[in-house]
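Visitor: Now for the letters of each chain:
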Amino acid sequence: MQTSLLVISTALKVLLFPTYHSTDFEVHRNWLAITHSLPISQWYLEKTSEWTLDYPPFFAWFEKFLAMFAAQVDPKIVQVDNLGYDTLATIYFQRITVIVSELVLYWALQRMLTVMGNRPLQKIINWSLILNPGLLMVDNMHFQYNGFLYGILVHSLVDAKQGKLLRSGILFAALLNFKHIYLYIAPSYFAFLLRAYCFENSENSIRSRSWISAFRPFNFLKLGFSVIVVFAASLGPFVALNQLPQLAGRLFPFKRGLTHSYWAANFWALYSFADRIMIVLVSKTPLGQYLNLSLDTAALSATTRGLVGDTAFGVLPTITAQHTLLLTVLLQIPSLISVFRKPSFDRFIGSVVLSAFASFLAGWHVHEKAILLVTVTMSVALANQIGASPNMGSGAGALAESKSGSTVLTPRDVRSFMIVSLAGYIGLWPLFFTRQETLTKVLITVIWFVVVGTGLDQCIPKPAKDSGFSASGRSLLRHFTTLERLYVFGCVPVQLYVNLIHELLFGQEQLAFLPLMLTSVYAAVGVVYGWLLYSATYFSPSKALEKKKTR
Amino acid sequence: MATTTHRAKGAKLKGSKSKDNTSLGTNHASTFQSSKTVTSSTTTTTRTSTPPPQAQASLTKTPKLNSAVYRYATWLEENQLKKTGAWIAVGIAVLVRWAVSLGPYSGFATPPRFGDYEAQRHWMELTLHRPIREWYSDNSKWWDLDYPPLTAYVSWICGYVGNMINTDWFAWKESRGFESEDAKLYMRATVLVLEILIYFSAVLVFTQRWFANKAWTRKHTALLLILLQPGLILIDNGHFQYNTVMLGLVLWAINSYLDDQDVLGSIFFCLALGFKQMALYFSPAVFGYLLGKSLKQGFFGCIWKLIKLGVTVIATLGLLFSPWLQSQEEILQVAHRIFPVFRGLYQDKVANIWCAVNVVIKLREMFDVQELVRFSTLATLLSFLPSVLYLIAKPTKRGLIYGLINSSLSFFLLSFQVHEKSILIPALPITLLILDEPAIASLFVTLATFSMFPLLRQEELTMPYYVLLAFWAWMTSSSFSSAPKFLQFVAVINLLFIAAVHIAEIAVPTPLPRYPDLYPVLNALWSAAGFVLFWLYFNYRQFATVHAPNMGLRVTKKRE
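So the protein lines, in turn, are chains L and G. Each residue of the first sequence is one higher than the one before, starting from 1 at the first, in UniProt numbering. Each residue of the second sequence is one higher than the one before, starting from 1 at the first, in UniProt numbering.
The hints are simulated quantities; they were obtained by calculation from the structure and are not laboratory data. Since this is a predicted model, take the numbers as computed values, not measurements. Backbone N, C-alpha and C fix where the C-beta goes; we use that ideal spot for every residue, glycine too. Treat the hints with caution; some may be incorrect.
[What the hints assert, rightly or not] No farther apart than 16 Å at their CA atoms in a straight line, the calculated lysine to aspartate or glutamate pairs in the EDC-like style are these:
#1 L:K64 - L:E46
#2 G:K141 - G:E174
#3 G:K184 - L:E437
#4 G:K305 - G:D368
#5 L:K462 - G:E78
#6 G:K296 - G:D260
[What the hints assert, rightly or not] FRET-style restraints, in silico, Cβ to Cβ:
#7 L:R485 - G:S180: 56 to 66 Å
#8 L:L504 - G:S327: 37 to 47 Å
#9 L:L496 - G:S180: 17 to 27 Å
[Claimed, not checked] Partial pick of chain G residues on the chain L-facing surface, computed with a CB cut under 8 Å:
#10 L81
#11 G91
#12 I92
#13 L381
#14 A473
#15 W474
#16 S477
Given the sequences, and given the hints that come with them, work out the whole structure.
Guide: Next comes the structure, spelled out in structure tokens:
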């Protein structure tokens with residue numbers, strides 16, 4: 001039990017009650033009302049509010065469960081036509097449900113602590129996740145239930161680590177029916193469970209043996225049946241009501257544009273930025289004539305405004321949903337193959353991270369909040385590596401690989417994690433455009449960065465010769481390259497401009513897209529860099545190590 | 001791991017030891033010894049769970065620390081994050097304050113008079129638009145300026161800067177009762193900035209000086225605990241006041257006295273007085289300490305020191321009040337504003353003796369105001385007299401802190417016209433003893449915060465109140481592990497009572513229609529009883545502990 005963690009996080013979350021809550025607050029209030037006051041047949045048809053139910057059925061049931069209490073607190077909360085109801089009691093109630101539901105994450109992390117091993121060091125991951133600025137911002141300020149959902153995901157991953165693959169699969173299937181954003185990492189789960197659970201001898205690659213003799217039909221049926229049961233429980237009623245197309249239309253609104261209201265920090269942010277640059281070049285300089293580029297004038301006002309809608313590009317080719325899907329799959333395939341060849345937990349969790357990366361970077365209409373999928377799964381991967389590391393001070397730090405076969409934590413892992421987290425969380429800052437939230441979001445991010453950066457630094461096994469403390473001064477960024485330090489410190493002037501100087505220079509209305517664009521592009525650079533670094537770690541050294549091992 | 005840190009500490013302690021010879025500590029050898037064993041015990045406990053018997057023996061002398069805060073400080077030290085640690089502490093303190101700031105303030109959206117927020121805002125408006133000599137005579141019947149000049153000057157600066165951002169906020173007469181998100185943000189920011197500049201810095205320096213030859217972890221633990229004292233946060237950043245400026249200046253005075261810079265300290269103390277007259281609660285102790293110290297210097301040394309101090313005080317106060325010293329009339333006007341004796345014996349329900357007695361005997365009906373003023377002044381004088389006399393006789397630095405506690409508690413309990421918020425004044429020196437008297441200080445802060453609940457409830461600041469109070473109780477709960485059984489029992493009873501009152505109030509808002517004020521009266525009686533006990537305890541401590549050789553740190557300096 002980490003009582004202090006629970007107490008501190010709860011206290012902070014309650015203190016954050018009066019912070020700005022977004023329209024998602026009303027979204028969830030509306031869902032409480034829909035699920036409580038209407039029969040199931042109406043759940044996905046109801047459209048009094050513009051915030052229609054667009055999460056899968058399990059989440060709707062979850063809301064129905066919460067609504068039982070909501071009706072006790074104040075019956076007005078659960079009235080469908082009571083739009084925009086946000087009395088103090090309503091806010092307190094809904095905020096409290098978030099805090100209570102996040103106990104699932106706390107529970108999952110306590111399990112992780114025991115399962116992964118190396119308790120004293122691994123605690124930092126729990127601190128990092130429970131007091132995660134991303135989760136705090138999105139759940140406890142902006143208002144969503146991610147902590148609860150990521151709790152289920154971590155449970156599932158811990159089960160996978162423990163070898164309880166069936167349970168892991170069932171939990172993940174359930175998770176998909178809570179929120180379909182987890183489809184982003186479904187390919188990794190599919191590859192891993194298929195290979196590890198439905199084929200024999202899962203830890204080694206099957207080369208000499210024939211695939212057919214290794215196949216375990218009974219496990220395959222068990223897994224398949226379980227997953228089908230989960231989906232049937234979720235979707236069954238709506239199949240019976242003949243509402244499946246309606247439900248699918250709600251869950252997958254492909255009519256939305258390539259980018260979300262402001263650009264998530266991914267490829268398309270960079271792409272859109274490149275397009276903006278090209279527009280300026282083409283319209284203001286004679287470059288366009290040389291290159292024979294034409295300007296799509298209709299597109300000029302579209303993306304800059306940063307509103308939800310179709311994204312059009314001025315110079316560069318338009319991106320369609322098919323393109324993004326293709327690119328995502330292409331980016332995911334290498335790690336999937338790797339998992340399929342050798343389905344160890346290390347490879348699986350790495351592949352989950354890379355799938356999340358791929359979907360975030362290349363997906364269609366990605367929300368900036370989806371970065372949590374990357375950082376949370378990366379945290380689990382780090383916990384796994386810390387668990388494999390020898391205890392600090394034992395002097396065996398030089399071992400690159402422990403007896404469990406997992407790779408230990410390297411500076412490179414920490415660097416990529418810290419940079420992606422920093423970039424991703426700064427990418428969340430524009431969610432809070434009210435001035436009074438600026439200090440809060442900056443402080444929780446910066447304090448997190450310093451404390452967790454230090455904690456992870458402590459987890460990196462030292463070379464045997466200077467085991468324990470290095471007498472020379474340690475600094476948080478000592479493993480970072482010059483370029484990376486530049487990036488980290490570069491955040492300061494960029495965000496100073498975005499949050500302060502821009503408004504002093506131009507006011508609130510003029511050039512409103514500029515700070516958003518700056519944040520997105522700067523964050524996108526960090527996320528892409530972190531992804532490259534992580535991929536490099538995933539694909540190169542482990543292979544080299546395996547070769548050594550086989551020799 | 002243990003050896004390296006130990007060596008590092010050893011080197012550091014050597015450094016402080018040599019400093020001891022010149023400036024600090026008559027018995028530095030013993031403090032050096034105890035802090036060394038504490039260090040070794042902390043490093044061993046991180047490795048093995050059972051400390052060696054020698055370390056255990058030393059732990060009985062200095063209060064044991066096993067709180068989450070202390071573990072965190074140890075972790076910072078292990079990772080050589082000492083410098084960054086201070087910044088993180090400031091960040092955490094600011095984060096908590098800012099979160100509380102987002103809530104409502106005194107008089108939020110409650111026309112026609114609004115509250116303390118409007119008073120402060122109006123003073124900014126007043127000082128910005130009126131000539132300086134009219135500040136105290138402006139008779140607009142709207143939140144007259146009734147704080148001393150430094151508040152007025154600071155208001156002028158805040159008003160001036162704010163006026164550059166938005167002229168609506170402090171427009172003359174137009175802006176009365178003006179409320180907007182941005183104005184609130186600005187006002188909140190002024191509190192926070194002044195607090196960081198004056199109070200945070202003072203606390204940081206205090207922990208450096210008070211725990212001068214103690215481990216860094218101790219300093220840092222004290223820093224975090226003092227900065228997270230809930231009462232001050234709730235009143236300044238929730239209710240809206242600038243108490244931390246006054247308390248910060250007092251703390252700077254204490255810091256200077258700890259460093260034997262008595263003239264500088266007196267300047268700070270006069271500035272505190274010039275910011276908020278409540279700093280007078282401390283003045284008997286400061287006076288006693290300085291007088292006692294002067295008397296120790298021989299005849300001519302004493303005269304010279306008293307002249308220096310007297311000139312300092314007169315010059316500082318004179319400078320602050322200089323714009324209004326032209327005529328007797330003006331002086332009286334300012335004095336009348338600053339000391340409004342006409343307001344009554346006490347406001348609302350205060351946990352002091354008069355209010356408690358009033359439940360049984362209706363004092364205000366039996367005596368007129370003049371009699372009450374005289375009577376309460378006499379009672380106050382008598383109650384702080386023993387402590388001050390003792391301080392004159394034995395002007396030690398530790399004694400100064402106890403003297404500050406005793407005189408301010410006396411004022412709170414017995415003086416005329418006390419606000420419930422005034423408990424924050426004795427709470428400052430008591431909070432400073434958070435590692436020297438951990439259980440008592442924790443208990444006092446808990447009770448003090450509870451005593452302000454009726455005020456906070458009016459302003460819908462209950463949620464941050466519950467969180468910060470519970471957090472404080474949790475954070476300091478380990479202080480009781482080494483406390484006497486009796487004290488543990490008292491602390492548990494106190495928490496149970498507080499919880500019971502809050503739960504009852506939520507469940508049954510008005511149990512007896514005849515007594516609508518039942519809960520505030522219960523609160524006031526319980527708190528007043530507690531504060532009287534604290535007053536007795538701290539008087540006892542002042543007489544008993546100053547000689548005790550091993551009670552924490554001795555910062556007394558002996559002149560050759």
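Visitor: Hint by hint, note whether the structure agrees.
Guide: Right, here's what the structure says about each hint:
no. : hint                        : in the structure
1   : L:K64 - L:E46               : 15 Å, holds
2   : G:K141 - G:E174             : 15 Å, holds
3   : G:K184 - L:E437             : 13 Å, holds
4   : G:K305 - G:D368             : 42 Å, violated
5   : L:K462 - G:E78              : 15 Å, holds
6   : G:K296 - G:D260             : 14 Å, holds
7   : L:R485 - G:S180: 56 to 66 Å : 41 Å, violated
8   : L:L504 - G:S327: 37 to 47 Å : 45 Å, holds
9   : L:L496 - G:S180: 17 to 27 Å : 25 Å, holds
10  : L81                         : 6 Å, holds
11  : G91                         : 5 Å, holds
12  : I92                         : 7 Å, holds
13  : L381                        : 42 Å, violated
14  : A473                        : 10 Å, violated
15  : W474                        : 5 Å, holds
16  : S477                        : 10 Å, violated
The structure fails to meet hints 4, 7, 13, 14, 16 from the earlier list, while all remaining hints are met.
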